[in-house]
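**Q** As a plain string of letters, each chain reads:
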Amino acid sequence: MYRFAHIADCHLGANREPELRQLEVEAFKKSIDTCISRGVDFIIISGDIFHSNLPDMWVVNEAVRKMRDAVDKGIPIYVVYGSHDYSPTGTSIIDILDSAGLVKRIGAGEVKDGKLFLKFVEDPKTKAKLTGISARKLGIEKEYYKILNRELLEAETGFKIFVFHTMLSELKPADLAKTDSIPVSYLPVGFNYYAGGHPHKNIVENFKNYPYIVYPGPLFAKDSKDFEEAAKDVKRGFYIVDFDSQIINIEFIEVKVCDYYFEEYDASGKSPAQIMNDLTERMKKADLTNKIVLLKLSGELASGKTSDIDFTTIRRIIMDQGALHVRINRYALTSKEYASIRVKGGDVHEIEEKIFEENIRSVKVSNPKLTSPEGVKMAVNLLKALRDPPKINESKEDYFNRIRSQALKILGLPEG
Amino acid sequence: MDVVGSVIGGSIGKIILRQKSGERIELGDLLVAEEAGGLVIMQVYDLAYGSQIPLTNIEMIAGLRLEGYGERSDLNLIDAELRHYVIAFVKAVLRVENGVPRIPKNLPSFLSSLRRIKPEDLSFLTKPAKPIYVGNLRSGSKVLGLPIYLDGPEVLTHHVIIPATTGRGKSNLVKVMLWSLMDQDSFGVLVLDSHDEYYGRHGRGLKDHPDADDRLVYYTSTTPPSGGFSLIIDLESIKPFHFNGIAEFSDAQSDAIYMYNTSFKEKWIEKILKNELPEGAENKIKPGTLAVLQRRLEHFLGVRCTEENKLEFFNSVFSDNKGQSTVNDIVDSLEEGKIVIIDTSRISDITELLIGVIIVSEVFQRYQKYKYTGELDSKPVISIVIEEAPRVIGEDVLDRGDNIYSTVAREGRKFKVGLMAITQLTSVIPGPILANMNTKIILGNEMAAERNAIIAFAPQDLSDDSQTIASLDKGEAIISSNFTKFAIPVKIPLFEEYIKDKLAKTSSKDIAYL
Numbered sequence: 001m002y003r004f005a006h007i008a009d010c011h012l013g014a015n016r017e018p019e020l021r022q023l024e025v026e027a028f029k030k031s032i033d034t035c036i037s038r039g040v041d042f043i044i045i046s047g048d049i050f051h052s053n054l055p056d057m058w059v060v061n062e063a064v065r066k067m068r069d070a071v072d073k074g075i076p077i078y079v080v081y082g083s084h085d086y087s088p089t090g091t092s093i094i095d096i097l098d099s100a101g102l103v104k105r106i107g108a109g110e111v112k113d114g115k116l117f118l119k120f121v122e123d124p125k126t127k128a129k130l131t132g133i134s135a136r137k138l139g140i141e142k143e144y145y146k147i148l149n150r151e152l153l154e155a156e157t158g159f160k161i162f163v164f165h166t167m168l169s170e171l172k173p174a175d176l177a178k179t180d181s182i183p184v185s186y187l188p189v190g191f192n193y194y195a196g197g198h199p200h201k202n203i204v205e206n207f208k209n210y211p212y213i214v215y216p217g218p219l220f221a222k223d224s225k226d227f228e229e230a231a232k233d234v235k236r237g238f239y240i241v242d243f244d245s246q247i248i249n250i251e252f253i254e255v256k257v258c259d260y261y262f263e264e265y266d267a268s269g270k271s272p273a274q275i276m277n278d279l280t281e282r283m284k285k286a287d288l289t290n291k292i293v294l295l296k297l298s299g300e301l302a303s304g305k306t307s308d309i310d311f312t313t314i315r316r317i318i319m320d321q322g323a324l325h326v327r328i329n330r331y332a333l334t335s336k337e338y339a340s341i342r343v344k345g346g347d348v349h350e351i352e353e354k355i356f357e358e359n360i361r362s363v364k365v366s367n368p369k370l371t372s373p374e375g376v377k378m379a380v381n382l383l384k385a386l387r388d389p390p391k392i393n394e395s396k397e398d399y400f401n402r403i404r405s406q407a408l409k410i411l412g413l414p415e416g
Numbered sequence: 001m002d003v004v005g006s007v008i009g010g011s012i013g014k015i016i017l018r019q020k021s022g023e024r025i026e027l028g029d030l031l032v033a034e035e036a037g038g039l040v041i042m043q044v045y046d047l048a049y050g051s052q053i054p055l056t057n058i059e060m061i062a063g064l065r066l067e068g069y070g071e072r073s074d075l076n077l078i079d080a081e082l083r084h085y086v087i088a089f090v091k092a093v094l095r096v097e098n099g100v101p102r103i104p105k106n107l108p109s110f111l112s113s114l115r116r117i118k119p120e121d122l123s124f125l126t127k128p129a130k131p132i133y134v135g136n137l138r139s140g141s142k143v144l145g146l147p148i149y150l151d152g153p154e155v156l157t158h159h160v161i162i163p164a165t166t167g168r169g170k171s172n173l174v175k176v177m178l179w180s181l182m183d184q185d186s187f188g189v190l191v192l193d194s195h196d197e198y199y200g201r202h203g204r205g206l207k208d209h210p211d212a213d214d215r216l217v218y219y220t221s222t223t224p225p226s227g228g229f230s231l232i233i234d235l236e237s238i239k240p241f242h243f244n245g246i247a248e249f250s251d252a253q254s255d256a257i258y259m260y261n262t263s264f265k266e267k268w269i270e271k272i273l274k275n276e277l278p279e280g281a282e283n284k285i286k287p288g289t290l291a292v293l294q295r296r297l298e299h300f301l302g303v304r305c306t307e308e309n310k311l312e313f314f315n316s317v318f319s320d321n322k323g324q325s326t327v328n329d330i331v332d333s334l335e336e337g338k339i340v341i342i343d344t345s346r347i348s349d350i351t352e353l354l355i356g357v358i359i360v361s362e363v364f365q366r367y368q369k370y371k372y373t374g375e376l377d378s379k380p381v382i383s384i385v386i387e388e389a390p391r392v393i394g395e396d397v398l399d400r401g402d403n404i405y406s407t408v409a410r411e412g413r414k415f416k417v418g419l420m421a422i423t424q425l426t427s428v429i430p431g432p433i434l435a436n437m438n439t440k441i442i443l444g445n446e447m448a449a450e451r452n453a454i455i456a457f458a459p460q461d462l463s464d465d466s467q468t469i470a471s472l473d474k475g476e477a478i479i480s481s482n483f484t485k486f487a488i489p490v491k492i493p494l495f496e497e498y499i500k501d502k503l504a505k506t507s508s509k510d511i512a513y514l
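Heads up: the protein sequence lines correspond to chains A and B, in order. For the first sequence, the numbering used here begins at 1 and goes up steadily by one. For the second sequence, the numbering used here begins at 1 and goes up steadily by one.
For the record, the hints were derived by calculation from the structure and aren't laboratory data. Glycine included, each C-beta is placed from N, C-alpha and C at the ideal position. A couple of the hints might just be wrong.
[To be verified] Result set (SDA-like, lysine to any residue): computed pairs, CA atoms no more than 25 Å apart in a straight line:
(1) A:354 / B:370
(2) A:354 / B:207
(3) B:371 / A:356
(4) A:377 / B:336
(5) A:146 / B:207
(6) A:178 / B:370
(7) A:354 / B:369
(8) A:178 / B:213
(9) B:239 / A:175
(10) A:115 / B:502
(11) B:369 / A:351
(12) A:115 / B:505
(13) A:305 / A:234
(14) A:409 / B:512
(15) B:414 / B:157
(16) B:310 / A:174
(17) A:377 / B:502
(18) B:274 / A:203
(19) B:265 / A:234
(20) B:371 / A:365
(21) B:207 / A:140
(22) B:274 / A:377
(23) A:354 / B:333
(24) A:377 / B:202
[Claimed, not checked] Looking from chain A toward chain B, a few residues come up when the C-beta cut is under 10 Å (computed):
(25) 109
(26) 143
(27) 157
(28) 159
(29) 179
(30) 181
[Stated by the list, open to error] Just a few of them, taken from the derived set where beta-carbon distance is under 7 Å, the chain A residues facing chain B:
(31) 172
(32) 183
(33) 211
(34) 335
(35) 412
All chains, full assembly: derive it from the sequences and hints.
**A** Structure below.
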């Protein structure tokens, strides 16, 4: 019997705050340590090891050291690009790790006569055969699935694993309904295990001819939605899978690196002063020591503006209680004094997308594409690209050129 | 002018022609009388013999021939072409003056000569901006090289009904129409395909359209082809009102459902099946009521609760952990102007009806919202193709109360949502709904009762066309619509022939792969 680990969506470097970065790395290290201690034969990371294609060097250094531990013990790490650590314009950190022999990128192939032919990588010890398709920006990987030559992949014998970083429509959770996805039928049939990444949900499902489609979900958290789910006790972790010629057992390994405190506060009909008093009282009573505190406010204020609530003070009170980190979500908090657009959304990106959707109709442009759903997508991607901070040691000029190049690509305009 | 006949009498709506010898006028033929400043277009609806010789003499002539006297004596009539002829009964369908079509309000000139119609006579039939192709103009059984297009947005929002008996080409017609809609992105069409015949799993179909990758979405309860979706809907997508018109619940059962839905929201079905009572409902819901509800939901949804208190599904369509965004995805696709085919050929009637109701309700709710928010103008028209339409808009179904389809039939046009109802039994659809179906694409039908129902609610006066409808061959149709100037006879091309030169080219373009 052999054993492998299936990890996904580590998003190392996603959080800016040092305490959260530390926890991201800790979750990753803990996972690799568990893999080593449990004696896995190989590790699959199905995309988004890092949150960007050129992440912070401290994060890379920490991750590389831990991966080296595994590789030195004879545990190969097989990876595909995720949607975050893939670079459409240049080299990704994944390529560097691949070149350095720390990871083995799978899914090599070529397009011939309009068909994509993928090659298998055979794990030397277990003889498991791995192939897959990496994520690409803007759903380009969908094109690859469309032209994928399935017949050859399906005809291959042995224990086979297909690694991918794409949401499957039939398994798409309701709260991710607007996320791009592909149908299950695009995956080649007859593999023993489909190692997925991308949705931040823990999913184990099967369909006819697809015995195990597995998404482990993230190891830690990259945004408010992830934090909120973790705080609501949604388990984070990865899978350890036992197999011989078939899957024997799959086991979820929880990875917990901190405790959470979550408070939902309905501010409807209350004044900023009342809210301050309520929250102060609640936070002072709560045990917040070494916890990530999530405060989620919603509702329409009876009077005043949302900015009248002194969130700096609330934040300070929480930190004074010994909290590790505090996140205050007030996107659903509104005031009568503003003719604001109300949108509901689970995280910043979803809310931004909805705000674009709501506003784009009133924008007068000559190109109708810009006011279509495609325009919304373009605006969201542009915002995301423009928000990307400079890398450490990146010159101003390089930064400018990188952002400019990404923006032009998103807008579909030629360089120069 | 190649004269085929001459007006010899009659009245408005029943003009009598004498056929020229050597010509063969057919039922449904379109004939033209040229007049100063324009022309009158007439259509044949009946034919009869005419003769200058008294009937008793004709009977004698026939007898002599039949008994063998004709071979020994010359019994041929002198000037037979003058003495015997065919009388055609026609109605004036259109008067065209200076290229402008009008409803005829006077008779063509007495003894005026008639010729066959030519495509140029109908130059006013232009191609609309957002067309639906339905076939080529037909005169009798002769096909003219004039493609007939309907105005897509008008026709689809005001509902279409396609009545015909089996084997007359309903599915072929719908495939041809959908193919032309796939050339554009102005229409979202939901096809509840109970025979799995539109996608083309086993032969040509809409999947062969060059834009199928972008414009066609296929869901099936069986193993989907590459790119197709498994039809799986999460139980939480089902609302109590979806059962309206599908299943009848007693007052006690309805009250129980209301309580469950109020307490458990979208988990109401799961909680009923798992026997978990809402808070405070212990004395309000009798165990017997709950047991019956459980049984009925098990039957409708193909699910039961196991002894381990887990839901076990014995049909592949509903699930408690898959298909959470299926309804949303389908309606999104429709909003993007795509054709969505739901293959329901392998699922039970009740499941098929329920799926239709769930999706159509979501479409209708969204479009109602868009009207309210002022976004409706930017949305494509959505048409819902329902086969065997009486299952959802039949008299006996609607006697149990309104459902989403009857609501769409009544109010859909205000929200850019329309029905395309296909049926063999028009007579069981209530009159008010038939009257709301403003376009009728009538295929052949032998049943007089069905023809009468169609004729009674046709936008043009077809009261004399019962025989013509009965005589329509496979692929021949009459389009009677509020959006056409007259009831247009068409010949629908065979789908496979029609698409022959329009098929998707196999792409050999190599895209970069990294």
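**Q** Can you name, in rising order, the numbers of the hints this structure does not satisfy?
**A** 2, 13, 17, 22, 24, 27, 28, 33, 34 and 35
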